[in-house]
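On the provided structure of chain A, position chain B as indicated by the hints.
Top to bottom, those sequences are chains A and B.
Using our numbering, the first residue of the first sequence is number 116, and each one after it goes up by one.
Using our numbering, the first residue of the second sequence is number 116, and each one after it goes up by one.
Hints are not guaranteed to be accurate.
One copy or two, either will do: identical chains are not told apart, so a pair holds if it fits within one copy or between any two.
[To be verified] Under the rule of at most 25 Å between Cα atoms (straight-line distance), these lysine-lysine pairs were calculated in the PhoX-like manner: (1) 350 to 190; (2) 205 to 190; (3) 315 to 332; (4) 332 to 364; (5) 418 to 315; (6) 205 to 302; (7) 361 to 374; (8) 302 to 190; (9) 332 to 440; (10) 190 to 282; (11) 205 to 418; (12) 315 to 440; (13) 315 to 364; (14) 161 to 315; (15) 117 to 205; (16) 164 to 374; (17) 374 to 364; (18) 161 to 361; (19) 332 to 350; (20) 282 to 205; (21) 282 to 117; (22) 190 to 332; (23) 332 to 302; (24) 440 to 161.
The set of hints was computed from the structure by calculation and includes no laboratory data.
2 protein chains.
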Amino acid sequence: MKVILDGMGGDNAPQEIVKGAVEAAAEISDEILIVGIPEEIEHELKRNKYRGEQISIVPAQEVITMEDSPVRAIKRKTDSSMVVGLNMLKDGEGDMFVSAGNTGALVVGARLILGRIRGIDRPALASIYPDTTGGRPNMLVDAGASSESKANNLLEYALMGSTFVEKVWGRENPRVGLVNLGTEEGKGTSITKDAYQMLKSSHLNFVGNVEGRDISKGVCDVIVCDGFTGNVILKLTEGVALSIFKLVKNSLMGNLKSKIGGLLVKSNLMTLKERFDYEEYGGAPVLGVNAPVIKMHGSSTSKAVKSAILRGMPYAQENVVEIIKQEMLDVEEYIEEEEE
Amino acid sequence: MKVILDGMGGDNAPQEIVKGAVEAAAEISDEILIVGIPEEIEHELKRNKYRGEQISIVPAQEVITMEDSPVRAIKRKTDSSMVVGLNMLKDGEGDMFVSAGNTGALVVGARLILGRIRGIDRPALASIYPDTTGGRPNMLVDAGASSESKANNLLEYALMGSTFVEKVWGRENPRVGLVNLGTEEGKGTSITKDAYQMLKSSHLNFVGNVEGRDISKGVCDVIVCDGFTGNVILKLTEGVALSIFKLVKNSLMGNLKSKIGGLLVKSNLMTLKERFDYEEYGGAPVLGVNAPVIKMHGSSTSKAVKSAILRGMPYAQENVVEIIKQEMLDVEEYIEEEEE
Numbered sequence: 116m117k118v119i120l121d122g123m124g125g126d127n128a129p130q131e132i133v134k135g136a137v138e139a140a141a142e143i144s145d146e147i148l149i150v151g152i153p154e155e156i157e158h159e160l161k162r163n164k165y166r167g168e169q170i171s172i173v174p175a176q177e178v179i180t181m182e183d184s185p186v187r188a189i190k191r192k193t194d195s196s197m198v199v200g201l202n203m204l205k206d207g208e209g210d211m212f213v214s215a216g217n218t219g220a221l222v223v224g225a226r227l228i229l230g231r232i233r234g235i236d237r238p239a240l241a242s243i244y245p246d247t248t249g250g251r252p253n254m255l256v257d258a259g260a261s262s263e264s265k266a267n268n269l270l271e272y273a274l275m276g277s278t279f280v281e282k283v284w285g286r287e288n289p290r291v292g293l294v295n296l297g298t299e300e301g302k303g304t305s306i307t308k309d310a311y312q313m314l315k316s317s318h319l320n321f322v323g324n325v326e327g328r329d330i331s332k333g334v335c336d337v338i339v340c341d342g343f344t345g346n347v348i349l350k351l352t353e354g355v356a357l358s359i360f361k362l363v364k365n366s367l368m369g370n371l372k373s374k375i376g377g378l379l380v381k382s383n384l385m386t387l388k389e390r391f392d393y394e395e396y397g398g399a400p401v402l403g404v405n406a407p408v409i410k411m412h413g414s415s416t417s418k419a420v421k422s423a424i425l426r427g428m429p430y431a432q433e434n435v436v437e438i439i440k441q442e443m444l445d446v447e448e449y450i451e452e453e454e455e
Numbered sequence: 116m117k118v119i120l121d122g123m124g125g126d127n128a129p130q131e132i133v134k135g136a137v138e139a140a141a142e143i144s145d146e147i148l149i150v151g152i153p154e155e156i157e158h159e160l161k162r163n164k165y166r167g168e169q170i171s172i173v174p175a176q177e178v179i180t181m182e183d184s185p186v187r188a189i190k191r192k193t194d195s196s197m198v199v200g201l202n203m204l205k206d207g208e209g210d211m212f213v214s215a216g217n218t219g220a221l222v223v224g225a226r227l228i229l230g231r232i233r234g235i236d237r238p239a240l241a242s243i244y245p246d247t248t249g250g251r252p253n254m255l256v257d258a259g260a261s262s263e264s265k266a267n268n269l270l271e272y273a274l275m276g277s278t279f280v281e282k283v284w285g286r287e288n289p290r291v292g293l294v295n296l297g298t299e300e301g302k303g304t305s306i307t308k309d310a311y312q313m314l315k316s317s318h319l320n321f322v323g324n325v326e327g328r329d330i331s332k333g334v335c336d337v338i339v340c341d342g343f344t345g346n347v348i349l350k351l352t353e354g355v356a357l358s359i360f361k362l363v364k365n366s367l368m369g370n371l372k373s374k375i376g377g378l379l380v381k382s383n384l385m386t387l388k389e390r391f392d393y394e395e396y397g398g399a400p401v402l403g404v405n406a407p408v409i410k411m412h413g414s415s416t417s418k419a420v421k422s423a424i425l426r427g428m429p430y431a432q433e434n435v436v437e438i439i440k441q442e443m444l445d446v447e448e449y450i451e452e453e454e455e
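For reference, chain A alone in the conformation it holds in the complex (with noise of 0.2 Å):
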């Protein structure tokens, strides 16, 4: 396959994303083509001392910067390695775009260029959630493509999440969970009252409310909420995550005694701080649109670009764009029939 990659998206482009192409390319056999300033892109090939065919370059001039704002910089900037990018996918030029770049823009882009797929009202963006119990990391759509969501969209969103688990993780009959206020049934506002029983009657494994507490602890294989909530949770397991190993860690070091029981741990707290590390995950899917778009952490490394190029490869190999479009067809003849 043909992965295409925006060579001009984050806080660490090109620099990052070149060396995490060229450490790709040395696992893989397939294609990957970086779109972007020629000069830079070659300039950061010759600095990982690339020499393969795997890679190449496709010329673009403009960048998106995280300050743009998504619909303008999507409308204007049509020389920009996302708009060009996502031209290339759309007229078939590869199978998968991958971006660290403007997350609104790219979520924009996507459903501008690629348009949505027939059922779905809004894509989304499922971003992989750790489990901080120590089991498997888990999916949480949307993560921040709609700040705000109705009730059918919370359907699509558990629609999409539990396709891509199931088709692109492996995981069978895969456990969808609403986060709301209590795990009761009539908990929560108008909004998630209304998505409950949609989840309940529809074909999904769907197990019920999540509250707080417990969407870290892995009860369910995708986690459903609107983007605002999924913001929140997503940036704030982070925060507590990492303040909290901190803590730890200036804890251990405040005498002598601890110090040394510091020092003798040391190697087990690394190995669970790894856990919570994005850039062992991959990227998020952008899901909804009518073709695979993967958006990676805006500072993304060239290990996290490594694992989203790696670990995004199923999603256009298993052809979850073409299982989700056939699913909103078998959705739409229920409720055809449902209505008769």
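Then chain B, alone, in the frame of chain A:
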């Protein structure tokens, strides 16, 4: 002053409630009126060998359970400890009501029996929120009194929370932050965007938007959000923090070297964990009603009950309700002047 205590509310009532009252009485000279089933309260007082005069019993034969529907419970269970206690507070037979009972019922009961402060559309639950970087705790409002909030509600939460933190906690000019998707002005939902403008033009010390990763880092004294988000933030923080402490503990037991290290660092970790211990903090005030009400954690132990009583007393002593009333009148005048 006279503290009215709900003897029957919460998972550990009446045992831990009465024990906490006895422990609190030993440290203050104020009266504590325990409302509940007299034989049960009497029995617990005897078990705690209490023979003083500070604590007395007010009979109420019914109990509002955690499963009761809030509005129905308040309207029908008129001889419950909660309804009797709130009526006593309304009638001036005590200065503050403290309960570990059904949160929804307590908020509804406070609103219906005590009435809202003029100008306050929605009362709020103001919870103490830990600073995971190790600083002093802050206040989160609304922690779940309402599941949906409009922009003016968020402004009310900010006004009330700021007053409480200033008058009861003694922090000058408290910093107010708005939970949002990102730090930039113009981020978020239509509600947070409007609230941002209202907060910006208020007399409050508004420090702007606070995103997920900073919420727990002590960047503001009053963290403002809708009750749905507040409930998720509060429970998620607790869930993540406790999971990580457990993971750290388990990781320290991994091998002999780390076991020895673990023993050496144990006391430091315990000190650290206490910072996340709600029992130390006291209860959460219900703000925006015409008299002081404090909500304790449903699973409060005697230690938590004692903290809630002792740390809640300034809510009554400092006339916070009167100050909020005056503030709302000032806001009203200000709005009228603006409109002229």
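Each hint, compared with the structure:
no.	hint	result
1	350 to 190	neither (29 Å within a copy, 41 Å between copies)
2	205 to 190	within (16 Å within a copy, 61 Å between copies)
3	315 to 332	within (22 Å within a copy, 38 Å between copies)
4	332 to 364	both (23 Å within a copy, 16 Å between copies)
5	418 to 315	neither (40 Å within a copy, 41 Å between copies)
6	205 to 302	neither (42 Å within a copy, 29 Å between copies)
7	361 to 374	both (14 Å within a copy, 20 Å between copies)
8	302 to 190	between (41 Å within a copy, 20 Å between copies)
9	332 to 440	neither (31 Å within a copy, 42 Å between copies)
10	190 to 282	neither (33 Å within a copy, 51 Å between copies)
11	205 to 418	neither (27 Å within a copy, 63 Å between copies)
12	315 to 440	within (21 Å within a copy, 45 Å between copies)
13	315 to 364	neither (44 Å within a copy, 38 Å between copies)
14	161 to 315	neither (55 Å within a copy, 50 Å between copies)
15	117 to 205	within (13 Å within a copy, 72 Å between copies)
16	164 to 374	neither (43 Å within a copy, 45 Å between copies)
17	374 to 364	both (10 Å within a copy, 16 Å between copies)
18	161 to 361	neither (38 Å within a copy, 47 Å between copies)
19	332 to 350	both (16 Å within a copy, 12 Å between copies)
20	282 to 205	within (22 Å within a copy, 60 Å between copies)
21	282 to 117	within (20 Å within a copy, 63 Å between copies)
22	190 to 332	neither (41 Å within a copy, 38 Å between copies)
23	332 to 302	within (20 Å within a copy, 30 Å between copies)
24	440 to 161	neither (42 Å within a copy, 69 Å between copies)
The earlier numbered hints that this structure contradicts are 1, 5, 6, 9, 10, 11, 13, 14, 16, 18, 22 and 24.
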